[in-house]
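Chemist: The lines below spell out each chain.
Protein chains: 2
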Amino acid sequence: MFESAELGHAIDKQTYDAEVPALREALLEAQFELAQQSRFPVIVLINGIEGAGKGETVKLLNEWMDPRLIQVCTFDRQTDEELARPPAWRYWRQLPAKGRIGIFFGNWYSQMLQGRVHGEFKDAVLDQAIDSALSLEQMLCDEGALIFKFWFHLSKAHMKARLKTLKDDPQHSWRISPLDWQQSKTYDKFVRYGEHVLRRTSRDFAPWYVVEGVDEYYRSLTVGRILLEGLQAALKAKKRRNTQAHVAPVSASLDDRGLLDSLDMNLALSKEDYQEQLATEQARLAGLMRDKRMRRHSLVAVFEGNDAAGKGGAIRRVAGALDPRQYRIVPIAAPTEDERAQPYLWRFWRHIPARGMFTVFDRSWYGRVLVERVEKFCEPADWLRAYSEINDFEAQLSNAGVVLVKFWLAIDRDTQYRRFKEREATPFKRFKITEEDWRNREKWQEYREAVGDMVDRTSSTLAPWTLVEANDKRYARVKVLRTINDALERAFERD
Amino acid sequence: MFESAELGHAIDKQTYDAEVPALREALLEAQFELAQQSRFPVIVLINGIEGAGKGETVKLLNEWMDPRLIQVCTFDRQTDEELARPPAWRYWRQLPAKGRIGIFFGNWYSQMLQGRVHGEFKDAVLDQAIDSALSLEQMLCDEGALIFKFWFHLSKAHMKARLKTLKDDPQHSWRISPLDWQQSKTYDKFVRYGEHVLRRTSRDFAPWYVVEGVDEYYRSLTVGRILLEGLQAALKAKKRRNTQAHVAPVSASLDDRGLLDSLDMNLALSKEDYQEQLATEQARLAGLMRDKRMRRHSLVAVFEGNDAAGKGGAIRRVAGALDPRQYRIVPIAAPTEDERAQPYLWRFWRHIPARGMFTVFDRSWYGRVLVERVEKFCEPADWLRAYSEINDFEAQLSNAGVVLVKFWLAIDRDTQYRRFKEREATPFKRFKITEEDWRNREKWQEYREAVGDMVDRTSSTLAPWTLVEANDKRYARVKVLRTINDALERAFERD
Chain A
0 MFESAELGHA
10 IDKQTYDAEV
20 PALREALLEA
30 QFELAQQSRF
40 PVIVLINGIE
50 GAGKGETVKL
60 LNEWMDPRLI
70 QVCTFDRQTD
80 EELARPPAWR
90 YWRQLPAKGR
100 IGIFFGNWYS
110 QMLQGRVHGE
120 FKDAVLDQAI
130 DSALSLEQML
140 CDEGALIFKF
150 WFHLSKAHMK
160 ARLKTLKDDP
170 QHSWRISPLD
180 WQQSKTYDKF
190 VRYGEHVLRR
200 TSRDFAPWYV
210 VEGVDEYYRS
220 LTVGRILLEG
230 LQAALKAKKR
240 RNTQAHVAPV
250 SASLDDRGLL
260 DSLDMNLALS
270 KEDYQEQLAT
280 EQARLAGLMR
290 DKRMRRHSLV
300 AVFEGNDAAG
310 KGGAIRRVAG
320 ALDPRQYRIV
330 PIAAPTEDER
340 AQPYLWRFWR
350 HIPARGMFTV
360 FDRSWYGRVL
370 VERVEKFCEP
380 ADWLRAYSEI
390 NDFEAQLSNA
400 GVVLVKFWLA
410 IDRDTQYRRF
420 KEREATPFKR
430 FKITEEDWRN
440 REKWQEYREA
450 VGDMVDRTSS
460 TLAPWTLVEA
470 NDKRYARVKV
480 LRTINDALER
490 AFERD
Chain B
0 MFESAELGHA
10 IDKQTYDAEV
20 PALREALLEA
30 QFELAQQSRF
40 PVIVLINGIE
50 GAGKGETVKL
60 LNEWMDPRLI
70 QVCTFDRQTD
80 EELARPPAWR
90 YWRQLPAKGR
100 IGIFFGNWYS
110 QMLQGRVHGE
120 FKDAVLDQAI
130 DSALSLEQML
140 CDEGALIFKF
150 WFHLSKAHMK
160 ARLKTLKDDP
170 QHSWRISPLD
180 WQQSKTYDKF
190 VRYGEHVLRR
200 TSRDFAPWYV
210 VEGVDEYYRS
220 LTVGRILLEG
230 LQAALKAKKR
240 RNTQAHVAPV
250 SASLDDRGLL
260 DSLDMNLALS
270 KEDYQEQLAT
280 EQARLAGLMR
290 DKRMRRHSLV
300 AVFEGNDAAG
310 KGGAIRRVAG
320 ALDPRQYRIV
330 PIAAPTEDER
340 AQPYLWRFWR
350 HIPARGMFTV
360 FDRSWYGRVL
370 VERVEKFCEP
380 ADWLRAYSEI
390 NDFEAQLSNA
400 GVVLVKFWLA
410 IDRDTQYRRF
420 KEREATPFKR
430 FKITEEDWRN
440 REKWQEYREA
450 VGDMVDRTSS
460 TLAPWTLVEA
470 NDKRYARVKV
480 LRTINDALER
490 AFERD
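In the order they appear, the protein sequences are chains A and B.
The first sequence begins at 0 in numbering that gives the first Met the number 0 and counts up by one.
The second sequence begins at 0 in numbering that gives the first Met the number 0 and counts up by one.
Accuracy of the hints is not assured; some may be wrong.
Below, simulated DSS-like cross-link-like pairs (lysine-lysine); rule was C-alpha separation at most 25 Å, straight line [to be verified]:
1. B:Lys97 with B:Lys237
2. A:Lys58 with A:Lys159
3. A:Lys270 with B:Lys58
4. A:Lys270 with B:Lys428
5. B:Lys159 with B:Lys58
6. A:Lys472 with B:Lys442
7. B:Lys431 with A:Lys97
8. B:Lys291 with B:Lys270
9. A:Lys12 with B:Lys270
10. B:Lys58 with A:Lys58
11. B:Lys121 with A:Lys428
12. A:Lys375 with A:Lys472
13. B:Lys121 with B:Lys166
14. B:Lys121 with B:Lys188
15. B:Lys431 with A:Lys235
16. A:Lys97 with A:Lys121
17. A:Lys291 with B:Lys58
18. A:Lys58 with A:Lys97
19. A:Lys428 with A:Lys270
20. A:Lys237 with A:Lys97
21. A:Lys420 with A:Lys472
22. A:Lys431 with B:Lys159
23. A:Lys58 with B:Lys472
24. A:Lys159 with A:Lys12
25. A:Lys428 with B:Lys235
26. B:Lys184 with B:Lys155
27. B:Lys121 with B:Lys97
28. A:Lys235 with B:Lys428
29. A:Lys184 with A:Lys159
30. A:Lys58 with B:Lys431
31. A:Lys166 with B:Lys291
32. B:Lys291 with A:Lys58
Hints are computed from structural coordinates only; laboratory data are not their basis.
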C-alpha cells in the first residue's frame with residue numbers, strides 16, 4: 000500500500016517554481032467558485048507519519064488559497080463538553096458549511112490509530128471504528144460533501160532522518176510528537192495498522208491519496224494538484240453523485256394490513272386511574288433522573304405522531320415531572336440558513352444532551368422519511384438512504400450511553416377530525432390548527448405507509464419505536480411516561 | 000427594599016384556582032404572539048433567597064406556558080470551554096433567539112452575589128460587576144430584548160422554617176444549597192449585598208420585581224401577572240423603545256481636517272527592506288505565539304480599511320507566520336438568519352478565541368459605525384449607541400486577557416482607482432471587484448468622516464486603533480505585523 004511512497008520521489012526547484020504560480024491561481028479560482036456556488040463543503044483529512052510534512056502542507060495550502068474560506072480544525076484533547084457527549088459530536092460541530100473548506104487535522108483516523116498503536120483496544124474495536132468512519136463519510140458524500148483523504152508517508156529511514164533534523168532545528172525543536180516516534184516499534188505498528196485502515200476505508204466516494212513526504216516540492220505539488228483536480232471536477236458536475244433509488248416499492252404489504260391497524264384504539268384510562276398512574280409515573284421519572292446512575296447516561300425522547308395526536312400534551316406531562324434545568328425541548332420546524340448549509344443530521348446533533356441531561360425532540364430527524372417523503376420535499380434516493388443514516392446515528396447515541404425512546408402517537412381519522420374542529424373553536428388553541436393541517440389530512444394513507452416503513456426499518460432493540468394508542472389522551476400520556484421510565488431502568492440495570 | 004416582601008403576603012386557594020385558567024390562556028396567547036412576531040426575545044432572570052420558590056416557579060411557568068418555546072439555562076460550574084474565554088461568553092451563547100423566552104437561573108447576579116458573600120472580592124469589584132451587568136442589560140434592551148428580573152424573597156424566620164421543611168421532605172432532601180444557608184450570617188450578608196445590587200440595577204428598561212415567596216399561590220400569581228402584563232405591553236408597542244439620537248453632528252471638525260489627513264501616505268519600503276523586515280516580524284510573531292505566557296492570553300485582530308486597501312494580503316502575511324492550528328480567520332459578511340435573531344454583537348462573540356488562540360476578523364463589529372452608518376442600514380440611534388456598546392465589549396475582552404489590535408488600512412483615492420482597474424484586468428482577481436465597490440467609492444467623504452468618528456470614539460489604551468498607511472503594500476504589511484508583535488509583548492510584560 001505504501002510501496003510507491005517509499006521510492007524517494009522528488010522534483011527539482013525549477014520545475015516547482017515554474018508550476019506553482021498557475022496552480023495557485025487555479026486553486027484560488029476554484030475556491031472562489033466553490034464559495035459562489037455554496038453547493039457543497041470540502042473536507043480535507045490530514046493523516047500519516049510524523050515528520051512527513053503534514054503541518055507544513057496545511058500551512059502552505061493556507062498560503063496558496065484564501066485562508067478566509069478555510070478552517071483548520073484540530074481534535075486533540077476533548078473538552079469536557081465533548082467528553083459528555085457521543086464521540087462524533089466534536090466532528091459534527093466543526094463541519095465546514097457549504098462553500099467552505101475544512102481541514103481536519105487529528106481526525107477520526109488519528110484517534111483510532113493512536114488507540115490501536117498504544118494498545119488501548121484490539122483489532123475488533125479498530126474495525127468498529129473503521130465502520131463508523133465509513134458510514135460517516137458515506138453519509139457526508141451522499142449529502143454532497145467532497146472529501147479528500149491524504150496520508151503523508153515516509154519510509155522508516157527517512158522518518159528517522161527527518162525527526163533528527165527537526166530536533167536539531169531551534170525553529171522546530173519545541174514540537175512534541177503525539178506518539179513516541181523515536182521508538183522504531185511505533186513506526187512499524189503505525190504503518191501496519193495504517194495499512195489496514197487505508198485498505199478498508201479507501202472507497203470510490205472518498206479515496207485515500209498516499210503522498211510521499213520526503214521532498215517538499217514533490218509533496219506540495221502533489222497535494223495541490225489533487226485538490227485542484229478534485230475541486231474542478233466537483234464544481235463542473237451539475238449535481239454531486241446521487242445513488243439511484245431502489246425501484247421496488249418500500250412497503251409491500253399485499254393484504255393492506257399495516258402496523259398501525261394492529262393497534263387497539265379503544266384503550267383508555269378512567270380519570271381516577273389516570274390521576275393515580277400519572278402521579279406514580281411522574282414521581283418515578285423524577286426519581287430516575289436524580290439517580291446517580293443517570294450521570295453515565297443522557298436521555299433523548301422523540302415525539303412523532305398524527306397532527307392533533309396530543310404530542311404537546313404528552314410532552315408537557317413528561318416535563319411536568321422534572322426540574323426544568325434538567326431538560327430541553329427542541330421543536331423541529333423548517334431548517335434555518337445555517338442548518339441548510341450543513342448535512343441533514345447536523346441540526347439534531349447540535350442538541351444532543353450532555354450526560355445527565357434530557358432532550359425532548361418535538362418532531363425529529365424522522366421528518367425526512369415522513370413529511371419530506373410524503374410531500375416530495377426530497378428525492379426518493381434521499382429518504383431511502385435516510386433509514387440507514389438514522390440507524391447509524393442512533394447506534395452512535397446508544398453506544399455512548401444515550402437512552403433513546405421514540406414515540407409515534409397514533410389516532411384514527413375520526414378522532415383527528417373531532418380535535419381539529421375543537422381546536423378551531425377554542426380561542427387559545429386556534430394557533431394550533433392551520434390550512435396545512437387540513438391538507439396533510441388528505442394524505443392519511445400515504446402517511447400511514449410511511450409510518451409503517453419507518454418503524455420496520457428503524458426500530459431495533461437499541462432504539463425501539465413505541466406506538467402509542469392516543470385516541471384517549473390519558474392512556475397515551477401514561478404509556479409515554481411509563482415507556483421512558485422502563486427504558487431508563489433497563490439502561491441502569493445493564494450498567 | 001425588601002420591606003413589603005416580608006409582610007407574609009398570601010392569597011387563598013379559591014382565589015388562586017379561580018384566576019389561574021384565564022391567566023394561563025392569556026400567557027399562552029401572548030407567547031404564541033411573541034413567536035409569531037419574532038421581533039424580540041424575552042429574558043427572565045431568577046434570583047433571590049434560597050427556599051423562596053425560585054425552582055418551583057420556573058417549573059410552574061413551564062407548565063403554564065408552552066415549554067417548547069422556553070429554554071431554561073443554568074450557569075453553575077463553568078465548562079473548560081467557558082473558562083478559556085471572557086466571563087460573558089457563557090451568557091451570550093445561551094441568549095434566546097427573537098420570539099423565544101430564556102429563563103436564566105444562576106445568572107450574572109447570582110455570580111456576583113455569591114462571590115461577594117463568600118468574600119472572594121470586595122465592594123469595588125462588586126460595583127464593577129454591577130456596571131457590567133447594567134451595560135449588558137442596557138444593550139440587550141436597546142436591541143429590543145424584554146428583560147424581567149425577579150427577586151424571590153423571604154424573611155429570615157420564613158427562610159429558616161422553609162429550609163427545615165425541605166430537609167424533612169424526602170422529595171426534596173437531596174437538594175444541596177449552593178450557599179450554606181443554614182448559617183444566619185449568610186442570610187444577612189445575602190440580603191445586605193442583594194439590596195445594594197437591586198438598588199443599583201433597577202432601571203426603567205429592566206426593573207427588579209421583588210416577590211415574597213412564602214405563599215405559593217401569592218408568588219405564582221404575582222409572577223404570572225407581571226410576565227403577562229409586560230409581555231402584552233411589549234407586543235402591543237409598535238417598536239421597542241428606541242432612544243432619541245443626539246441631534247448634533249458627531250464629527251464637528253470645522254476646518255475639514257480629519258485624522259486620515261494626518262497620515263503620511265508616501266511611507267514605503269524597498270523590496271529588500273521589506274523582505275528582511277517581514278521575515279523578522281513573522282519569526283517574532285511565531286515565537287510570541289509559542290511563548291508560554293500566551294497560555295494566559297488570546298489574540299484578536301480586527302482588519303478594517305478602504306476597499307482594495309490590501310486587507311487580504313496583510314492577513315495572509317500574518318497567517319503565513321503561524322501554524323494554521325493556532326488561528327482562525329472570520330470573514331464578516333451579511334448576517335445569517337440565526338445571527339439576525341440575536342443582538343448585533345452576538346455573531347462576534349461566537350468567534351472569540353479560547354486562551355492561546357488567535358482570531359482574525361476580516362471586517363468586524365465596526366461595520367455598524369462604518370458601512371451601516373454610511374449606507375443608512377440602521378438608524379442614527381443604533382450606530383450612535385454602538386460606540387459605547389463596542390467599548391464595553393472590548394473592555395470585557397481586554398479584562399479577560401484578550402490582546403486586541405485594530406487596524407484601519409488607509410489608501411488614497413488615486414491608489415484605490417488604480418487597484419480597482421488592476422483587479423478588473425487580472426483574471427483571478429476579478430471576483431474581488433464588484434459594482435458595489437465602485438458605488439462605495441462615490442461615498443469616499445462619508446466614509447472618511449465615519450472613520451474619524453470611529454477612531455475618536457473607540458480608540459483607547461485598552462484597545463487602540465492603528466491607522467496603517469497602505470498606499471505601499473509592503474510598508475503596510477510590516478507595520479501590521481510589528482503592531483501585533485508589540486501588543487503581545489506589552490501584554491506579556493504586564494503579566
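Chemist: Need the status of pair B:Lys58, A:Lys58: alpha-carbon distance at most 25 Å?
Modeler: Violated - the C-alpha atoms of A:Lys58 and B:Lys58 are around 52 Å apart, more than 25 Å.
Chemist: Against the 25 Å threshold, does the CA-CA distance of A:Lys159 and A:Lys12 hold or violate the hint?
Modeler: Holds. A:Lys159 to A:Lys12 sits at ~24 Å (cutoff 25 Å).
Chemist: Given the proposed pairing of A:Lys58 with B:Lys431, does the C-alpha separation stay at or below 25 Å?
Modeler: 23 Å, holds
Chemist: B:Lys121 and B:Lys97 were given as a pair; does the straight-line alpha-carbon distance stay at or below 25 Å?
Modeler: 37 Å, violated
Chemist: A:Lys375 and A:Lys472: Cα distance at most 25 Å?
Modeler: 31 Å, violated
Chemist: Given the hint that B:Lys431 pairs with A:Lys97, test it: the Cα-Cα distance must not exceed 25 Å.
Modeler: Holds, at roughly 20 Å.
Chemist: Between B:Lys121 and B:Lys166, is the straight-line Cα distance small enough, at 25 Å or below?
Modeler: At roughly 33 Å apart (the allowed maximum being 25 Å), B:Lys166 and B:Lys121 break the hint.
Chemist: Measure nothing beyond the straight line between the CA atoms of A:Lys428 and B:Lys235; if it is 25 Å or shorter, mark the hint as holding.
Modeler: Measuring from Cα to Cα gives roughly 21 Å; hence the hint holds.
Chemist: Do the alpha carbons of A:Lys291 and B:Lys58 lie within 25 Å of each other, as the hint requires?
Modeler: 22 Å, holds
Chemist: Can the restraint linking B:Lys121 and A:Lys428 be considered satisfied, given a maximum Cα separation of 25 Å?
Modeler: Answer violated: B:Lys121 to A:Lys428 is near 52 Å, above 25 Å.
Chemist: Against the 25 Å threshold, does the CA-CA distance of B:Lys291 and A:Lys58 hold or violate the hint?
Modeler: 22 Å, holds
Chemist: Hinted pair, alpha-carbon criterion (25 Å max): B:Lys121, B:Lys188. Please report holds or violated.
Modeler: It holds: about 13 Å lies between the C-alpha atoms, which stays within 25 Å.
Violation of the numbered hints given earlier is confined to hints 4, 6, 8, 10, 11, 12, 13, 16, 22 and 27; the remaining hints are satisfied by the structure.
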